[in-house]
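Enquirer: Chains as they are written, first to last, in this note's numbering: chain U, 1 to 236; chain X, 237 to 525; chain Z, 526 to 879.
Calculated from the structure, these hints are not laboratory results.
Just to be clear, a hint being listed does not mean it is correct.
Restricting the straight-line Cα-Cα distance to at most 27 Å, the calculated cross-link-like pairs of lysine-lysine (DSSO-like) are [unchecked claim]: (1) Z/700 / Z/682; (2) X/497 / Z/682; (3) U/54 / U/70; (4) U/70 / U/107; (5) Z/682 / X/354; (6) U/126 / U/106.
Computed from a predicted model, the values in this text were never measured in an experiment.
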Amino acid sequence: MAFLEVVNLEAFYGPIQALHGISFSLEQGGITTILGANGAGKTTTLRSICGMVKTAGQITFDGVSISGKKTENIVRHRVAHVPEGRGTFVRVTTEENLRLGAYTLKKSQEIADGMERVYSYFPRLKERRNQQAGTLSGGEQQMLAVGRALMLRPRLMLLDEPSFGLAPLIVQELFEILGTINTEENVSMLLVEQNATLALKLADNAYLLETGRVVISGTSEEISADETIRQSYLGY
Amino acid sequence: MEELIQQVLGGIATGAIYACIALAVVMIYQAIDHFNFAQGEMAMFSAFLTWQMIDWGANYWVAFFVCIVISFIGGIAIERIVFAPLHNAPVFTHIVVFIALFQIFNAGAGFIWEFTIKEFPSPFPEKLPFDTVLIGPHELGMTLITLIMLGLIFMFFRFTPIGLAMRAAAASPESARLVGISVSWMVALGWGLAAAIGAVGGMMIAPVVYLEPNMMLGILLYGFAGAVVGGLTSPGGAVVGGFLMGVIEPLAGMAIGSGLKLTVALVVIVIILIFKPSGLFGRVVVQRV
Amino acid sequence: MTASTLQNTDPNTRSNLRRNPADSLRVFGMTMQQIRRGSIIIAVLIALFAPFAVEDFSVFQMTQVIYLSIAVLGLNLLTGFNGQFSLGHSAFMALGAYTAGIMMAQWEIAYYWTIVPAGLICFVAGFLFGLPALRLEGLYLALATFALAVAAPQLLKYERFEHYTGGVQGLDLFKDDSPIAFLSNDQWWYYFSLFFGFLLIIAAWNLVRGRTGRAMIAIRDNPIAATTMGINTSVYKATTFGVSGLYCGVAGALSAIVVEFIAPESFTFIHAILLLIAMVIGGLASIPAAIIGGAFILYVPTFSEALVDTFFGGDPSSKALVWVSFGVVMVVVVSIMPMGFAGFIRWNLRKLAR
Numbered sequence: 001m002a003f004l005e006v007v008n009l010e011a012f013y014g015p016i017q018a019l020h021g022i023s024f025s026l027e028q029g030g031i032t033t034i035l036g037a038n039g040a041g042k043t044t045t046l047r048s049i050c051g052m053v054k055t056a057g058q059i060t061f062d063g064v065s066i067s068g069k070k071t072e073n074i075v076r077h078r079v080a081h082v083p084e085g086r087g088t089f090v091r092v093t094t095e096e097n098l099r100l101g102a103y104t105l106k107k108s109q110e111i112a113d114g115m116e117r118v119y120s121y122f123p124r125l126k127e128r129r130n131q132q133a134g135t136l137s138g139g140e141q142q143m144l145a146v147g148r149a150l151m152l153r154p155r156l157m158l159l160d161e162p163s164f165g166l167a168p169l170i171v172q173e174l175f176e177i178l179g180t181i182n183t184e185e186n187v188s189m190l191l192v193e194q195n196a197t198l199a200l201k202l203a204d205n206a207y208l209l210e211t212g213r214v215v216i217s218g219t220s221e222e223i224s225a226d227e228t229i230r231q232s233y234l235g236y
Numbered sequence: 237m238e239e240l241i242q243q244v245l246g247g248i249a250t251g252a253i254y255a256c257i258a259l260a261v262v263m264i265y266q267a268i269d270h271f272n273f274a275q276g277e278m279a280m281f282s283a284f285l286t287w288q289m290i291d292w293g294a295n296y297w298v299a300f301f302v303c304i305v306i307s308f309i310g311g312i313a314i315e316r317i318v319f320a321p322l323h324n325a326p327v328f329t330h331i332v333v334f335i336a337l338f339q340i341f342n343a344g345a346g347f348i349w350e351f352t353i354k355e356f357p358s359p360f361p362e363k364l365p366f367d368t369v370l371i372g373p374h375e376l377g378m379t380l381i382t383l384i385m386l387g388l389i390f391m392f393f394r395f396t397p398i399g400l401a402m403r404a405a406a407a408s409p410e411s412a413r414l415v416g417i418s419v420s421w422m423v424a425l426g427w428g429l430a431a432a433i434g435a436v437g438g439m440m441i442a443p444v445v446y447l448e449p450n451m452m453l454g455i456l457l458y459g460f461a462g463a464v465v466g467g468l469t470s471p472g473g474a475v476v477g478g479f480l481m482g483v484i485e486p487l488a489g490m491a492i493g494s495g496l497k498l499t500v501a502l503v504v505i506v507i508i509l510i511f512k513p514s515g516l517f518g519r520v521v522v523q524r525v
Numbered sequence: 526m527t528a529s530t531l532q533n534t535d536p537n538t539r540s541n542l543r544r545n546p547a548d549s550l551r552v553f554g555m556t557m558q559q560i561r562r563g564s565i566i567i568a569v570l571i572a573l574f575a576p577f578a579v580e581d582f583s584v585f586q587m588t589q590v591i592y593l594s595i596a597v598l599g600l601n602l603l604t605g606f607n608g609q610f611s612l613g614h615s616a617f618m619a620l621g622a623y624t625a626g627i628m629m630a631q632w633e634i635a636y637y638w639t640i641v642p643a644g645l646i647c648f649v650a651g652f653l654f655g656l657p658a659l660r661l662e663g664l665y666l667a668l669a670t671f672a673l674a675v676a677a678p679q680l681l682k683y684e685r686f687e688h689y690t691g692g693v694q695g696l697d698l699f700k701d702d703s704p705i706a707f708l709s710n711d712q713w714w715y716y717f718s719l720f721f722g723f724l725l726i727i728a729a730w731n732l733v734r735g736r737t738g739r740a741m742i743a744i745r746d747n748p749i750a751a752t753t754m755g756i757n758t759s760v761y762k763a764t765t766f767g768v769s770g771l772y773c774g775v776a777g778a779l780s781a782i783v784v785e786f787i788a789p790e791s792f793t794f795i796h797a798i799l800l801l802i803a804m805v806i807g808g809l810a811s812i813p814a815a816i817i818g819g820a821f822i823l824y825v826p827t828f829s830e831a832l833v834d835t836f837f838g839g840d841p842s843s844k845a846l847v848w849v850s851f852g853v854v855m856v857v858v859v860s861i862m863p864m865g866f867a868g869f870i871r872w873n874l875r876k877l878a879r
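Generate coordinates for the entire structure from the input sequences, incorporating the hints supplied.
Expert: Below you can see the structure in the form of structure tokens.
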């Protein structure tokens, strides 16, 4: 069984069904990206894995079923979600945000080490450690969101449109760091992106969603190479 | 002039109690976006518990701290048993349940301890170590105790991981869940703290207004006024607002007579809610369609 | 759908649309509409003839039920039908009661002239309170009205008004005996109150059934959508507050006249809570519920207190246990039966229907 296995996932917002039985998987250490237009259900997929939406279907992480569990308990399986809009705690400092990321850790040494690690990936955060997080720039807040996710020593990281609203250079920098985190920390990643080019460069595999269904899946090379897919779905 | 200072200092002392109630109200408001109309009655009930323990022979400070612990647990219990199941219920349901709680504590205290007025002991010495007519020993004592408690609460929120987690849960509940915080238990904790803070307020004011089931209604009103003045989204603001109302009370009394004190609170509440709903220190909440 | 159905020019279909389709459901061989009409007729008959079947004190209690029901109806119009929460309606009852009381005690005006002024003054007061209340949403309005209820008794005791209000002692009121020979005093006050009760219930029924009622309910359910449909929510909300005040004012005036005594302690926050309890237990947004509520707050406490007395031996504080259980009942009712007893009965009837 794969590290993360999703089988026939359906998701509901009240009476409205957003996902109509999607299935995909992610191998340990791998990066998979979920692509699609607005409203395709990409964010819903991530929220479903985290228990933030009403779902039906099977979600298994490292052999353990996490479908139907509460968000705060799923997090304890070391699944970190970098949400759409970053979810920064804007009224506390950068460092307090990181400390909150470490909420599930017990040992203070682990927490201190974790912070050092995050600062080594994102030196700019170290400069702003005592600044109120709401005053950070968009790119810095995104880094903070990733850093906060890292603090819980995740085995799986879910990222929801990390490139959103960021300047291209910053995005490039961020994606390079994500790649490093993936290889050095052995953090598997499920990446939702609108920016298909970047996502396909980083990821090993890709799934394409359209109105709550998987329409295409394959390795990144296959999908980038296929002209019809690129033109019909990825817009280039 | 001396009288003015006396009144203001006395006002600061009662303001300390209003600050307690205001803080408790804001803490619950931040947790669940509702007003605990029963906050005063809970504090009164706690004061009665202390009175009962003392009546059975306990030492004042022992009873004081036991009451705080019982109130803390009681607050958590009320949240878990009554409010957690209702958290998706409409606003009206919440209001009705709070009023029902008011009724239960008010009548419950009357049933257990009767409606006759009782004396509540003050733990502070009869005379101050220094000579002054400006402030009495109990007034000074209750201000100090309240300030110490508020200081401890402030340090709890600022410097402890749980305090940080509670602040995060109140500000951004979804993000809080994503770092593993159980928002629902943070709400319960908030209730426990609010109940404990209210208990301290009740125990400190009881010697002044005498212990009886209806003693807290006017104080609750001033507490609400303090919370509204300070800003319903700001615990620090609530404390400031409480002290402000404490000082406004005697000053208004000197200006328009003491028979209209509750009306003053009513006017303050209505005017602030209409013209500056965010209060002095709060943030404006945008209502989405 | 054909064009003619859309335009709805056929007189038969038009009246069919006005009728509530649920009315045709049958329970025990009768339609819902027949059940409703039958219940109303029975209720009216009981109301008209009951005073002759019971002794005077019971008639006095029934009179109390009448004005309490009027007050609960007033609150229900505001909260149940229009969605504005008020914890302060004891203040409007006080205003009505004191208007009537002052007219009778200080200006020697006969009691039957006091009802209309009391109602009108409370309408204006309600409307004036409703204007700033427009800016206050649910919870904040509850807080503002809570403050009103808490401040009102002290205001009534204010020394500068003592000359009129009688201060803490209140006012003793006197009125003439029954003008009709074969009616005892209590019976006369009963029919006097019943007259206003019928008037106000019919007025409320018409209000709620018509365009105004639909506008009120629309404002309750989705105020922003109501505005986009062209409803002037401000006017409706403030007016509903006024109407609600009027009802409580009349109820207060009746209470003053019937009880012949008013004091500030008769109109405290606890009384506002009582009205709320009555409304919740009777049922929101329902006119018959007001009568159930009124009856409830009069009879159930008296009955329960008597029950408690037999266990605890007449100690006044033991009666408080009744009020503790009321709180518990409120929580249960609002959690399980959000539409109160009236809604519960309606729901059960529907379930039995075919």
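Enquirer: So, for every hint listed, does it hold in this structure?
Expert: Hints versus structure:
1. Z/700 / Z/682: 24 Å, holds
2. X/497 / Z/682: Status holds; Cα separation ~12 Å.
3. U/54 / U/70: 11 Å, holds
4. U/70 / U/107: 24 Å, holds
5. Z/682 / X/354: This hinted pair holds, its Cα atoms lying about 24 Å apart.
6. U/126 / U/106: 23 Å, holds
Checked against the numbered hints listed earlier, the structure breaks none of them; every hint is satisfied.
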